[in-house]
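Q: Here the protein sequences come in this chain order: U and V.
Converting from the first sequence to the working numbering requires adding 12 to each position, the first position being numbered 1.
At position 51 of the second sequence (counting the first as 1) the number is 40 in the working numbering, and the numbers step up by one without a gap.
Be aware that one or more of the hints could be misleading.
Stated by the list, open to error - Calculated lysine-lysine pairs in the BS3-like style (CA-CA distance at most 27 Å, straight line): (1) V/Lys46 / V/Lys105; (2) U/Lys21 / U/Lys74; (3) U/Lys44 / U/Lys74; (4) V/Lys52 / U/Lys74; (5) V/Lys107 / U/Lys44; (6) U/Lys107 / U/Lys66; (7) U/Lys44 / U/Lys73; (8) V/Lys41 / U/Lys107; (9) V/Lys46 / U/Lys74; (10) V/Lys39 / U/Lys66; (11) V/Lys39 / U/Lys73; (12) V/Lys52 / U/Lys73; (13) U/Lys74 / V/Lys105; (14) V/Lys32 / U/Lys73; (15) V/Lys39 / V/Lys52; (16) U/Lys66 / V/Lys105; (17) U/Lys44 / V/Lys31.
Calculated directly from the structure, the hints in this document are not laboratory data.
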Amino acid sequence: MNIIEFISKPWPWYIAGPMISLVMFFLLWSGKSFGVSSSLRNVCSMAGAGKYYKYFDFNWKKEIWNIVFIVGAVIGGYIASNFLQNFNSLELSNKTVNDLLELGLEFNGEVVPSEIFNFNSLRTLKGFLIITLGGFFVGFGARWAGGCTSGHAISGLSNFQIPSLISVIGFFIGGLIMTYLIFPLIF
Amino acid sequence: MTKSEIISWFRIQEMFRFHSFHMFGVIGSAVFLGMIQIFLIKKINFKNSKGKPIEFKDKKTGKYNNLFGGIIFGLGWALTGACPGPMYILIGNGYFVYGLVILSAIMGAFTYGAIKEKLPH
């Protein structure tokens, strides 16, 4: 098996987890910290929101690596999906497939449920709300909590931060409410 | 992250339904190695590439912000199946509608910045 074949297979957790940890190391080594949601604040600041609100009033040029990081994420996603793909569909747990089917969501082997996440679904109220409200919650919640999965769950927990632990518990409370209480209502 | 399928909406559902170890393995091993990494950095006083000591800022402790913000984040995470990092990666994967998810997330961050003083922290 050559190297391209090897990396074209889906990666198990014990490869992906250490890789994420390595990303954190490189960021620490270059004098930064690992956290993606601060890029959202940066974009607002770049767009000039600092003139109106103190929260965005900082020197975003010093934090430009943040934007470089997300551009890298887009490029990485492009390379992985176009050149390193194995064309096997995702092996989702049968229980999840069945649960979703009960909600009327068929697992299509794709990365996301394409019947919701496409431009046509924006024309329906449901699709529009899922996409915009979902994104809004992520941005608003991450900034209120002071971090997202990378900043709190990975960086914060690695450094034994209590606020991060509380935040991660919050992530799961919210996720479980959505999954078990709200999904049955909207799907 | 594309390769380990953690950008998948379906994998996030699997995680919130506790049907697979995959996501917990990814996050858990990243945190475990992160703890060792940070412990060693502090222990040997490892310098960054500019020769300065690596600083770890403590996350600010608040009474409400972590829990409430966390819950709102969790609602959005389950709904869109993506946290901020994967949103960008999904665009690279050709799911361009996530551009609108990101735009909404930026609006969310903006709204937070605008009403920050009125929220409990």
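Q: Can you confirm whether the C-alpha distance between U/Lys21 and U/Lys74 stays at or below 27 Å?
A: 38 Å, violated
Q: Can you confirm whether the C-alpha distance between V/Lys46 and U/Lys74 stays at or below 27 Å?
A: 17 Å, holds
Q: V/Lys46 and V/Lys105: Cα distance at most 27 Å?
A: 21 Å, holds
Q: Need the status of pair V/Lys52, U/Lys74: alpha-carbon distance at most 27 Å?
A: 30 Å, violated
Q: Take a quick look at whether U/Lys44 and U/Lys74 sit within 27 Å of each other, Cα to Cα.
A: 11 Å, holds
Q: Compare the distance between the alpha carbons of U/Lys44 and U/Lys73 with 27 Å, and conclude whether the hinted pair is satisfied.
A: This hinted pair holds, its Cα atoms lying about 14 Å apart.
Q: Take a quick look at whether U/Lys74 and V/Lys105 sit within 27 Å of each other, Cα to Cα.
A: Holds, because 23 Å separates the two Cα atoms, which is no more than 27 Å.
Q: Hinted pair, alpha-carbon criterion (27 Å max): V/Lys52, U/Lys73. Please report holds or violated.
A: 32 Å, violated
Q: For a C-alpha distance cap of 27 Å, please report whether U/Lys66 and V/Lys105 respect it.
A: 10 Å, holds
Q: Decide if the proposed pair is consistent with the structure: V/Lys39 and U/Lys66, CA atoms, cutoff 27 Å inclusive.
A: Given that 27 Å is the threshold and the Cα spacing comes to 30 Å, the pair is violated.
Q: Are the Cα atoms of V/Lys32 and U/Lys73 separated by 27 Å or less?
A: With Cα atoms ~32 Å apart, V/Lys32 and U/Lys73 exceed 27 Å; violated.
Q: Does U/Lys73 lie within 27 Å of V/Lys39 when you go C-alpha to C-alpha?
A: Holds, at roughly 18 Å.
Of the numbered hints stated above, those contradicted by the structure are hints 2, 4, 5, 6, 8, 10, 12, 14 and 15, listed in ascending order.
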